[in-house]
Each structure stands twice: as structure tokens, then as C-alpha cells.
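If you want the building blocks of each chain, they are given just below.
Protein chains: 2
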Amino acid sequence: MSRGVTDILYLYDRPAEPVFVPRGDNKVAFDVPASYLTDHYRSNAVEILSRFGEADVEKIPIKELTIPSIDFASQLGRRENFSLFIPKHRRLAGRLVEILLGMRTYEDFLSASVFCHDRVNPYMYIYCLSVAILHRSDTQNLPLPTLCEVFPDKYMDSAVFVQARDEANIVPAGSRVPIEIPRDYTASDLDEEHRVAYFREDLGINLHHWHWHLVYPFTGPRQVVRKDRRGELLYYMHQQIMARYNCERFCNNLSRVKKWNNWREPIPEAYFPKLDSLVASRAWPARPSNSVLRDVNRPVDEVQFDIQDMERWRDRLFEAIQTGAIQNDRGERVQLTEMGGIDVLGDIMEASILSPNMNLYGDLHNFMHLALSYIHDPDHRYLESFSPIGDPSTAMRDPIFYRLHQYVEEVFQQHKRTLPSYSPQQLMYSNVKVTAISITSNNQPNNTLSTFWQQSDVDMSRGLDFTPRGSVLARFTHLQHVPFVYNIEVDNQNNQNKIGTCRIFMGPKTDERGLPMPFRDQKNFMIELDKFTVNLKPGKNQIRRRSDESNITIPFERTFRNLEAGRPTDITQLDEFNYCGCGWPQHMLIPKGTKEGFPSALFVMISNFDDDKVEQDVQGQCVNAASYCGIRNKKYPDARPMGFPFDRWPGDEVNTLSQFLTENMRTVDVTIRHTNTVLKRSIAVSENNV
Amino acid sequence: MSRGVTDILYLYDRPAEPVFVPRGDNKVAFDVPASYLTDHYRSNAVEILSRFGEADVEKIPIKELTIPSIDFASQLGRRENFSLFIPKHRRLAGRLVEILLGMRTYEDFLSASVFCHDRVNPYMYIYCLSVAILHRSDTQNLPLPTLCEVFPDKYMDSAVFVQARDEANIVPAGSRVPIEIPRDYTASDLDEEHRVAYFREDLGINLHHWHWHLVYPFTGPRQVVRKDRRGELLYYMHQQIMARYNCERFCNNLSRVKKWNNWREPIPEAYFPKLDSLVASRAWPARPSNSVLRDVNRPVDEVQFDIQDMERWRDRLFEAIQTGAIQNDRGERVQLTEMGGIDVLGDIMEASILSPNMNLYGDLHNFMHLALSYIHDPDHRYLESFSPIGDPSTAMRDPIFYRLHQYVEEVFQQHKRTLPSYSPQQLMYSNVKVTAISITSNNQPNNTLSTFWQQSDVDMSRGLDFTPRGSVLARFTHLQHVPFVYNIEVDNQNNQNKIGTCRIFMGPKTDERGLPMPFRDQKNFMIELDKFTVNLKPGKNQIRRRSDESNITIPFERTFRNLEAGRPTDITQLDEFNYCGCGWPQHMLIPKGTKEGFPSALFVMISNFDDDKVEQDVQGQCVNAASYCGIRNKKYPDARPMGFPFDRWPGDEVNTLSQFLTENMRTVDVTIRHTNTVLKRSIAVSENNV
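As you go down the protein sequences, you meet chains A and B in turn.
Counting along the first sequence from 1, when you hit position 494 you're at 804 in this note's numbering, and nothing is skipped either side.
Counting along the second sequence from 1, when you hit position 538 you're at 848 in this note's numbering, and nothing is skipped either side.
Extracted from the complex, chain A is given alone in its bound form (with noise of 0.2 Å):
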């Protein structure tokens, strides 16, 4: 009668299809008590139980129960879009998070969902269920169906959908084409912005964001909320974003990012995103140029705001930041500690339910976002919802999103200026030199990165409500890399060994105007590749490190499953590699380059162990990605400031990055060179195999 805690996962398949509708290839379903189906169906109870009962069909046994009242979750209705950046809907959403999080077993957990199914607006479901099953200790170890595979409408081009119907009715299983999606569909190149769209709208990106947002709830319950240096991470996470977006940008000869700071003048950059909710049957509304931002006022999302209240906020933040000292809601001055200072921030930016002081501060970020996302209908005088930017699972695909983060940046390096700069002895580990850095691949000459365009497919079958079954396959072009190794000569002076971490960060030596990277700029340009610990014997020291092997991304499987290797397609049978799926991808790893080769510095800092060390038991952890996700419920695994050594401003002496090295950093010349082709998977990773 028991069965594995797998079960659950097949909730996931095809979320807005009633519950009692059987699930997955291999035809199970639930037994839904005849009590806990929707009012819609109950009348039609017997008959239509009974005709998807059918004899073939394996039952998962569901215990009936009195589940507490679901009511409130009705206030988002089923056919709504959602979105956690709207205070309501993180509201409702965490009360579910509770409820879900507070049944007594795992049986007790499946019941209420199956419950829940029919009766809760399917985005905010797969949110909650999500949250639940990552935050229970019988539940925390499964492995979460990629949300591309749940929802595809969100992650690419609507018109895929009708052609995957049309194919999935026609053509039998096995012999199905994959679907392509254009490169190149929201837009063209005479839109100037849309030549880094390959990376605003690259899959893993996407996936990336939602992913943290999973791990780090704005609401529920305090245990769940709060985690070691959050608001610290929401500002790196983010500062990394930004740093890798004007790379790309250089890489295609545009500016950096203009930062969004007068929120009264037309907006240029457009955005037509064309998705389509599939559960909500309405397109995500698109941003014209020049649209201009207005008070917002839509009682029927409890949200009402004016811009005069993103501007208090604003300048109170950069008051308590020009003043070292935020007030807490107690009415008591907090200091803005060197190393605690970012965190306060960063959890007041965020506004989660750790904000010292919401009344004061309010919720600038999510309600950039939101105005942003109502630009089109603030008043909801038009009856539309939010658009792309106002749903953490999209809205890396609008430009805007990167004006907004530069300012949301700007605020945080407004608090790292006031601090004091590193001398250099917090910077060199005495004893320790590295004195030679390279970069090595295939067929490559040394010291130059190669990107290249690719294609790789995704099973949006489980987002086809009521099609036949079997695999349809969408196929997206993303960017992707050779692979490579980091050589790194370490010399360790010292007579006994020595523990070191190595961080190695990439930055464009140029700026848009083709002249030298002054170093007050370059530093926040500068990507974190990976970080590392090495042990150094005295004497002459090896590294070699791969660059699939980084401290931010996941496993490129984790974004782009190999479908062709006959992997199991049954949602409960997907083993590790879905597994803790928030981290940078590993195909977007290296910026796209230039044909001709962009000129960057790659920097790698071996730093003393003893500062950096953080002691706790990782073990059996998912650790891919700790630099941008940190590790579920440990302690953040590096004691410096995130982003060190390139979190301060420079002292006065140093202008260009030679001048900040130490001698246990090292620079070297790297090339980042971009082929105009296109490679199938398959050809991609035979070929370029290290």
C-alpha cells in the first residue's frame, strides 16, 4: 500500500490538468476521494471518476482527511497569472507554505496537496508545493521537475504551443520532430538591445533566478526565511548579474547599462515578450517604447503606490547609508557595520519579512518591479495583468530589468564607498605567489575562451494540457563554450604546507569606448568564474582546474536533461541532475566574445585559508553553486565579504587592476573568441570534450 515519497512529483505533471486526470507515461493516478473533488466536477462525480479510472491505470492510495481551509487562496483566482514580487500573492502563498509545511507526514503532505490541486491557481501551487518539498525534511532530498518542463509557456516563444499540439496529434510518438525556436523571435537587431536578448532570455538564466527565489522565500515561516547573509546575497547575486550583462554588453558593442534613476522620464527600451500563459490564456503584456511610469493603483492586487513613494524610500535609504545608520522599527539607530552593514541592506532592499524597518523603507525593489510591470494599465482600468519584469520566473528577459538592478547596485556600492578600502595586508597571504596563470582547451591557442552558438532541446510535453502523450521537444540555440582548464603556478614560500582559496574572476580590459578599464570601474565588472580551495605544499604548486567544475554553475544537464541518452522521461524516476537546481549555467558561463577575440583580464587571487574558512558540515549538500546560492540551511562557505577582493572601493593609489595585484594574485591576457555557428548538442560535446 505505501509507495515511495516520488509520488508527489507527479503533481507536477501537467499542473493545470484536474488531479483525478492520470499522470505521467506510465498511467498512474491518484484516488482521489469522491469529497475532495472542485464543485465543478462533483456534480459529474461518479462518471467522471469512473471514466478516468480506467482498469490499466496504477492507483497511488490518497488518505482522506480534514484538510484546514484552503479559502483564503481563492483570493488568486485559478485563471490568474502570479507573481511573487506582489505582496498579496507572497501573502497568500505563504500561508499555503505553512499549511503545507506544518502536515504531520509525508501522507498527510500528499493528501493536502492532492487537495489543494484543483483549488489553487496553478503557479502559486507549483511555487508553494515546491517550497514545501524543498523546506521538509521527508520531503528535501527529491528532485524537482525543471519549471521549463512544467511550464513551458513561461520560458519560450507561444507560438511553439500550437505546433506542439499539432504534432503531438499527428505525428506518433518516436517519430516527432523537435519544435525550433527561433534565436531570434522577440525581437531584431535593428533594436539595438535585442543583441544581448540571447542572453536575457537564455532558458538557464531564467530558470537560475526562479530557483533562488525557491530558496529564499520572501515569506513563510521564519526558519524558512531566514538564512545566513541573505540580504549580502541578494546584493552579490545580483551584482554578478549586472557584472556579466555588461560584459555581454561590451562583447556587442553596446554601453553598460544605463542605470534606471528618474522614474518620471519615458522609458526607450521595449519589451515584447510574447509568451503566453497557458493557464491563464492571456499573453504577457509588452512595454512599448517610451512608455512613462504613473502612480499605481489596483485595488483588486492590494497594490497602491505613488513614484513619490519609491523617492522617499530611495532617499531614506541613502540617507541611513550616507549616515552609516539605518533606524529599526523599534526607533533605535542600527550602524551599517563593515561587515554586516550589506546584509541589513540587502534584506531592507528586498523587503522580505526580515526588513528592520518596512514602514520606513518600504519595498523599493519589488516595487520598481511592479511599476514596471503595470506601466501599461496602472490603474487596471484595462483589466491586464503584469507584465514579464513583474514575475521573478521572466523578468531577466526585459532590458529593464538590468536598468533597475544597476540602480538597485548603485544604492549597494553607495554603502561599499563608505568603507574602508582593503590594504594590502588584508589582501596577500604571506609567503604565497602565484607565478604563472594560463588557460588551456582543445584545439585552442592558449589563453583564448571560445563560444559558440548551440542548440539543445527541452521536453515540454508535461506543459501540453490534454495532448497525447509522449515526448515533444522544443529546441532552443543557446550560447555555449569550449570547455577548459585553469593552470595556476603556485609558490608557497612558506616551509609547511599551507591551505589557500583560489578565486578566479574574469573582467573586460577596455571600456565601450575601446580605452583601458580604469580599475575603480573595472572591479564591478569583474565575474567570478570559480572558488576553490587548494592545498599548497611548500615549494612549487600545480592547479589545474576544469572549468565545468565552477563554484557558480550547475551541471549543464541540469538545464538541458540529454533527452537522445535514453534517460527515464517518468517525472519520478529523474535522478540527481535535477537536483538543487538553483546555480549559474554552465553554458553561460563565459561571455559571447567577439568574432575577432574581446580582449579581458582573467585574475586569480589565492587567498589565506585562515580568513576565509567557515566551519560546518557540508557534507551530502549540494555545494555547485554556493557562491550564488549558498549552501540550504548552512552557513554561507566563505567568511569575506562576497565578491572580495572586489567589493571596495580602491584606495587612491590604485588606477588601473596591475596596480591592486599583491603577490599572491596574478593577471594574464585572455581572449574570448566567438564562432557564428551553430552545433547540435551532440556534435557540441563530442567535439569539444577537454
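The set of hints was computed from the structure by calculation and includes no laboratory data.
A portion of the hints provided could be inaccurate.
Below, a sample of chain A positions facing chain B; criterion: calculated Cβ distance under 10 Å [unchecked claim]:
1) V331
2) P332
3) D467
4) A469
5) P482
6) A483
7) L524
8) Y526
9) W594
10) P595
11) I685
12) D687
A virtual CB, placed ideally from N, CA and C, is assigned to each residue, including glycine.
Position chain B against the provided structure of chain A, taking the given hints into account.
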């Protein structure tokens, strides 16, 4: 072997499903020659044809022909949108219509139509097929299915479709519940313009506009395009739409439509259509408030023009009007005569192939539509398609349609102002006096018209590709009125029988300020309610005419089939009620009125039939809505200028409607009273029989 010509109508069933998929509830299938399959399916031909060729399917034999090349049709992709306003689309459609009209026999026509089915954009295909069926002698009497059943996506909230798909898949046919389309889904009353959305988004009104363009195609063989007084009818049909729309506005406390004559200033009216193209799997773009028109350059659509081009065409049109002559393409001056001038101007405005000088006068009306429809993406940088104003089947939904056509109307009125006023001699009918008029209806005071809301259903299952068969109903809420009777007393003081044309109009008595309406304004708001021939014996004549006999409307059942009455659902067994769908919908004959009663003037004129008559045999033709649609392949059945007697500027001495009257005319005050309740169709029908 030979079957009836109705078989071709199965091509209207789920037009986006491949042609070899069985059609209709009866399960019939075209016996498609393998050579007709498109490349995409040819590789699996045997498997696919056997899969869909089940034994219990009745086969329609298809003769294998060598079809003339239709490669040109691929210039419009299968998944794109199609619009008659785009010259390229008109050209492609024209070529296809010629091919279909050119097929020698019905058998060949059917075969060619089957061949084209999967090779031509489905919207364009259905348009061309319909024009061909309507204009071929072997099919012209076939009842065309209403476009709303073929492409329901053009007529209803996209949110309906996902619900419909649910319902069709879960609930067995028979137990399914109609899916209600909210009356207010495109906006709320916070948007003033939304108060008349029930008019703009009315199913019947939009179907009328589409049918009008089917009957009057822009291009194609000259014998199809050249129709009697076509240009004048373009003027008059739209003039009446504007008169009606303005009356609806007055009833809703809105001022008259502001003509759209400044193409440089921001457009305050927004429109968020919330329509999805099921074929294109893309949402129709919205136009936010304060959008600004820009020059259009879209190579993919072969559309390139500047606002200045439109301004030049406009100025030349005004010059022609004000000098009383146009210049044709041989450089000759052609007088704009009293009777024929308006027809020439109509041809110029419509820019069909009848336009006498496209180079000089251009394509003003269509390009106004186009420029508006591309306002969000004038240079195609965002790869967006046109918005609803760019397609005749959806254009009337958008408030800007009426501002555009108020301006078109202004152009025609400028011409009308140059014509002599009607003299009393032209208006009177010697010794014929209208002595009394009134309106009566069930349970209503005399001279009171009553309106209310009614719910009626449309079967959308023919537009739901790949869902289980059987009806799925969409429930519209639309305006309706209590049927009524005109009672007219005419005194024929001649001592012989006379024939007259009874012309019935109605117009508002006061303007939007509540002041009495001056006649020179009021004449433009007079809406034609009916026109019919009367025989007048000497002495008193009592004329009784039912409202549903109107000469401008088509019966209610042509818009909303009576689905409850168990009529055949098979597409080929539809009877007359869908035949000749052009015409104003009966349920929209009377403006909404107001709760307190909207004061209107009913006007009746008996004109001299000797001056009205057109000698022709119209036996067997549909003449229901001849005033708006003409009679197919016949002369317009009224020799007077269209709109007579209100088409001319009045003499200086005429300031009020009563000053305009001659003895053969009469007016009476009527009140239009609106009850804000919603009745189901069955109730509404039974309660409101006269």
C-alpha cells in the same frame, strides 16, 4: 460516387487541422491523394493516412489534379496573421481567388481547395474559399458557416479557450456547461470609452463588417470587384455605423466621436483586445494610452509609407473635393457629379482596383488602419504583427476605428456640402401625406422602445483544434430590444393607386450637452431603421411593419443559431439561416437608450417610387440587408443617393428637423428605455414575441 456540393463546407471545420484529419461529428474525411500531402507529412504518409483513415469514416473522393502552382501563397506563413488591409495580403488572396474561381467544375474546385488547405495561411484560405464559393455559379447558394464558429479566436476573450479545452476533455458532450464570456473583459468603466464596448465588441457587428468585405473584395477578377455603386456604399455603410455609434455614445453620457485628423498627436484611446490568434498562437498586440503614430517601414509586409504620404493624399482629396473634380490616371479632370461623385470618392477612399488614380490619391483609409495597427512596432524591429484595427474582422472592436471613420466621414461630408440642398420639390410626393406615426410593442407604452441584455450561445467547437468533438458553447451577453411595430398612416390624396418608398430613420433629439440638436448635426446621426415599398390606395392607408422585417438587418438566428432547438450541428446541414451573412445584426437595431429614457425622433418619409425605383429581378436573392450590403450581382435597389433624404447639407432656412419636413414626412418623439437586466435567450425570446 458523386456527392453533394455541400461537402466543400467540411473545409470550414477546424481549418488549422491538416486536411486528412476526419471532419465533422459524422466522421467524414477527404480521401486525400498521397501526392497532396505536404512535405512535413509525406515522409510518414502511409502511417498517417492509415492512422486517420479509420474504417468507420465516410470518404469524400478527391480527384487528383495537377493544380496550378500556388507557391506564391507561401509568402504569407501558415502561422502568421492575415489582413485585407495589407496590399501584399490582398494581392496574394486575389491570386488565389482567381485560381479557385477558374477551376472548371465543382469537382476540380473541391480538389484544388483540398490541395491548398495545408499550404495556405488558414485565415487567408478561408477568406479566399469564401469569396470563391460566394462568386462561383456552382456553389453560390451554399450556406457559409459564420466566421465566429470557424475562427472563434477573433471574436472572444482568449481566456475562454483554455476553459473550453478543459471542458471538452473532461466533461462528456451533453453535460458540458456553456463558458460565459464576461461582458466587461477588455476594460472596466474606469475607461470612459469602455461604456460603449458592448457595441464595439458585439459579435454580430463584427461579423457584419467581415461579411461586407467578403461581398466587396478589394481585388480579384474585375467582374467580382466591380459592383454597382460600390464606392458610394462604402461611404454610406460606414456613415451609418458612425451615426449608430454616436447615438450609442449619447446614450452612455459620452460626447460625439472626435474625428482623428491630427495624426501627429498622441492618441489617448487605448485598446487591449485580449484576443489570441489560435492559428498564429500569438496574442493580438495592444495599444496603450498616448501612443504616437510613426512612419511605417516593414519590408516583410511590403509596407512602407510616411505619415506625410497620408497627409499628401488627404490634401489632394480635399483639393479634388473643393475644386469639384479629380484627376484620373490618364491626367484627365473628371467632374465629381451630383449623383456619381460620391461613388468616385468612395472608390478612391477604399483604394480597391477601381480607384481612378492610386498614384495621386493613394490608399488613405487602409493606410490609416495600417499605421494604427503598427503603432507599437512601425519598423518591425520587435517582430510584432498588426493589432485588431488592422484586420476588418476585428477592427470595429477598437475605439480608434470610430475616430478614424469619423474622419473618413468628414471627407465625404465635405463633398456632400458642395452639392445643392434638396429642394422641397425633390423631397415631396405630391398629394401624399403622412398623417400619423407611432411605435407599439407588447406591454410597453406607445412610442417607447425597450432594450435589455440577453445571453446567447455560440458553438466554438469547430475552432478548437484537436479536442474531443461535440458542442462547446461560449455564452455572450449582448444588447437586445423588445420587438415592436411601426404604425404609419398615409393619406393618398391622389385619386389613383400610388407606389411609395417608406423610409424610416431615428435620431437623437438633444446633443451631448442636453441642448436641442441643430438639424445640420442631427441629419448625420439619423440611423436608418428600415426602407420598403408601399402600395398606396387612394385615401387613408394603414401601414404596419414589424421591426424584424428591417431592410438593414439580418435575422437574429444568423448571428446566434438557436442551439437549443436541436438544429443540425453538421456543417453541411446548416440551412438558409447562415446564407448571406452580410447585414446589421437584428439585436443591435436599436441603440441602448438610458434608464430614464433616451429622447429620440422617429422619422418616416414616403418618397415617390418613380424616382426611387431600379428595374431588376431580385428573385431568389438575399435582400434582407440590401440597404447596407446591396444585392449580390445586382444594382443597388434604390435610385436615390444613399442616405436620402439626409445626405445633403440643408438649406439656410432649415435649422430644425421639423423645418425640413414636407407633407410626405412626419416625426414623432420616441423614448428608448434601457433595463439593466440580463435575460437568457429562451426567456428573452418567449417574453418578447409581439
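Hint numbers contradicted by this structure: Result: hints 2, 6, 7 and 8 break, sorted rising.
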